[in-house]
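Student: Take these sequences, add in the hints, and give me the full structure.
Numbering (this note's numbering), first residue to last: 1 to 218.
Calculated directly from the structure, the hints in this document are not laboratory data. A couple of the hints might just be wrong.
Said to hold, decoys possible - The calculated lysine-lysine pairs, modelled on DSS-like cross-linking and capped at a C-alpha distance of 30 Å, are:
id: 1; residue 1: LYS49; residue 2: LYS64
id: 2; residue 1: LYS81; residue 2: LYS50
id: 3; residue 1: LYS67; residue 2: LYS83
id: 4; residue 1: LYS64; residue 2: LYS52
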Amino acid sequence: MAAIGMYLGQLLKFIYDFVGNYGVAIIIFTILIRIVLLPFYVQQMGTMKKMKEINPLVEDLKKKYAKDPQKLNEEMMKLYKEKNVNPMSGCLPMLLPLIILWPLSAMLRNYPAFSTASFLWLKSLAEKDPYFILPILSGVTTYISSAMIQTDNSQKSMNLIMSAFMIWITVSLPAGIGIYWVTSNIFQIAQQYFFLRPTESMKGESSNEGNNKNRKNS
Numbered sequence: 001m002a003a004i005g006m007y008l009g010q011l012l013k014f015i016y017d018f019v020g021n022y023g024v025a026i027i028i029f030t031i032l033i034r035i036v037l038l039p040f041y042v043q044q045m046g047t048m049k050k051m052k053e054i055n056p057l058v059e060d061l062k063k064k065y066a067k068d069p070q071k072l073n074e075e076m077m078k079l080y081k082e083k084n085v086n087p088m089s090g091c092l093p094m095l096l097p098l099i100i101l102w103p104l105s106a107m108l109r110n111y112p113a114f115s116t117a118s119f120l121w122l123k124s125l126a127e128k129d130p131y132f133i134l135p136i137l138s139g140v141t142t143y144i145s146s147a148m149i150q151t152d153n154s155q156k157s158m159n160l161i162m163s164a165f166m167i168w169i170t171v172s173l174p175a176g177i178g179i180y181w182v183t184s185n186i187f188q189i190a191q192q193y194f195f196l197r198p199t200e201s202m203k204g205e206s207s208n209e210g211n212n213k214n215r216k217n218s
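Tutor: Okay, here's the thing in structure tokens:
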């Protein structure tokens, strides 16, 4: 972790030398990190898209084997194998920002320059946000990001718990971490919108299906 923190610090200082503000430097730093990690997120989005597509089949299996958990698990594994879906492949990209979070937090606390670095309403990036704006934004953006990749309604409560947890965590962390986390979430929301939005062909198919149903009904 110490080695990671050292390299992150060097990168952040390099960006600061160009922009002259550590708050702006953290935003640019976060975007660069997200771009570097983009291949992992592309894989995650592919998994999430497949999970959404097979969700009706999963729900049918849950109803069919509601009283037989072992059989349900077997049938779901068969379904994932048949559809070439690995639910666990989407976990790594979610952990990567957290891996960066801890050494970055230590760097913000221990690097003297951050104690006097200001940004917008923040007088020090090494101190907590006195107005709790960043913790609230952290929770809201975490919820939006999680809701976009939600595959079924049972995940709603977990999304709320995770969002509340991120608010609680960010309240006690340096404001610089709040900037990092909010920027990371906003980037992810934009990324998920791009990858998960329906294509024109899918919209056309849905429209045609609706028209066919209306014709049958009439």
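Student: Given the hinted pair LYS81 and LYS50, is their Cα-Cα distance within 30 Å?
Tutor: 12 Å, holds
Student: Holds or violated: LYS67 and LYS83, Cα atoms, limit 30 Å.
Tutor: Holds, because 24 Å separates the two Cα atoms, which is no more than 30 Å.
Student: Run the distance test for LYS64 versus LYS52: straight-line Cα separation, threshold 30 Å.
Tutor: The hint holds at about 19 Å.
Student: Given the hinted pair LYS49 and LYS64, is their alpha-carbon gap at most 30 Å?
Tutor: Holds, at about 24 Å.
Consistency with the previously given hints is maintained throughout, with no hint failing.
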